[in-house]
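Produce the complete structure using the sequences and hints provided.
Protein chains: 2
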Amino acid sequence: MTAALHLARPEHLDKLLTLVEAFHLEQGLETSAEHRRAGIEPLLQGIPYGAVYIIGPTRAPIGYIVVTFGWSVEFGGMDGFVDEIYIRPPVRGRGLASEVLIELPKTPAQAGIKALHLEVDRDNAQAQRLYQRARFEPRDRYMLMTKNL
Amino acid sequence: MTAALHLARPEHLDKLLTLVEAFHLEQGLETSAEHRRAGIEPLLQGIPYGAVYIIGPTRAPIGYIVVTFGWSVEFGGMDGFVDEIYIRPPVRGRGLASEVLIELPKTPAQAGIKALHLEVDRDNAQAQRLYQRARFEPRDRYMLMTKNL
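Heads up: the sequence lines are chains A and B, in that order.
If you read the first sequence in the numbering used here, its first letter stands for residue 364, the second for the next number, and so on.
If you read the second sequence in the numbering used here, its first letter stands for residue 364, the second for the next number, and so on.
To list a few chain A residues with every Cβ distance to chain B over 12 Å, as calculated:
#	residue
1	LEU368
2	PRO420
3	LEU459
Straight-line C-alpha distance at most 20 Å; calculated EDC-like pairs for lysine to aspartate or glutamate:
#	chain 1	residue 1	chain 2	residue 2
4	A	LYS477	B	GLU397
5	B	LYS477	A	GLU404
6	B	LYS510	A	ASP484
No wet-lab data here; the hints were simulated from the structure.
In this text, a Cβ means the ideal position worked out from N, Cα and C, and glycines have one as well.
Right, dumping it as structure tokens:
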């Protein structure tokens, strides 16, 4: 089994939404099917704000990763955000997520991206170790604040 | 004095870069003139990843705010990030930044944006109070991690 990444296209929508539902359930995010579709479908249709990669074979995905694109004056250009990453439970613990996070910055879509960020649960030491192995450094000095519109 | 917001256009580049330089100095960010220009100029030229607003009169700005646009599957659509906000020191303490942060989500460019985020120094209680007054809620459960590419 390898963590090969495939850029998701519109025909992968249904398979992806099944995985997104599983991920949101696991995370305790109460999203409706409509909400999840609104969050995923435009990314498959080529909007410039992000991309979804299927992990493993597209006919039988073992997970997915959503990378969103933004801009940072401090970094002097485009930056990216690992918005969601999910590996199906039966294949966890084999280093697939690490492999994806190391492979991801090499994909052509990342060309020109200055930095890649992600948000991690402060209490989730296991996830933090995974991200540190993939060379993500804590920006512990800062806190995110959010206003829902 | 009011904190009226004006969408910055290419002709405002030089005035803006003076303010960006002052902000980065104050923040201890060691950026070169070239780096700052690379971070600001594309935003004035209409790339879809963000916008700069001049605070106050465009001929004699009292500050600026950079909002960048991204995507969030969790929020089900576009989100925004207050990437930088700067008010010139002589006019601080008059509530201008609060006014900007309350006014900002009403601007047309924000149409369809589901959430606005920002990053604040954990030790900067004054800034945190300002953002809370503008209804930003701490996402204290999470930590950002960053990988420079």
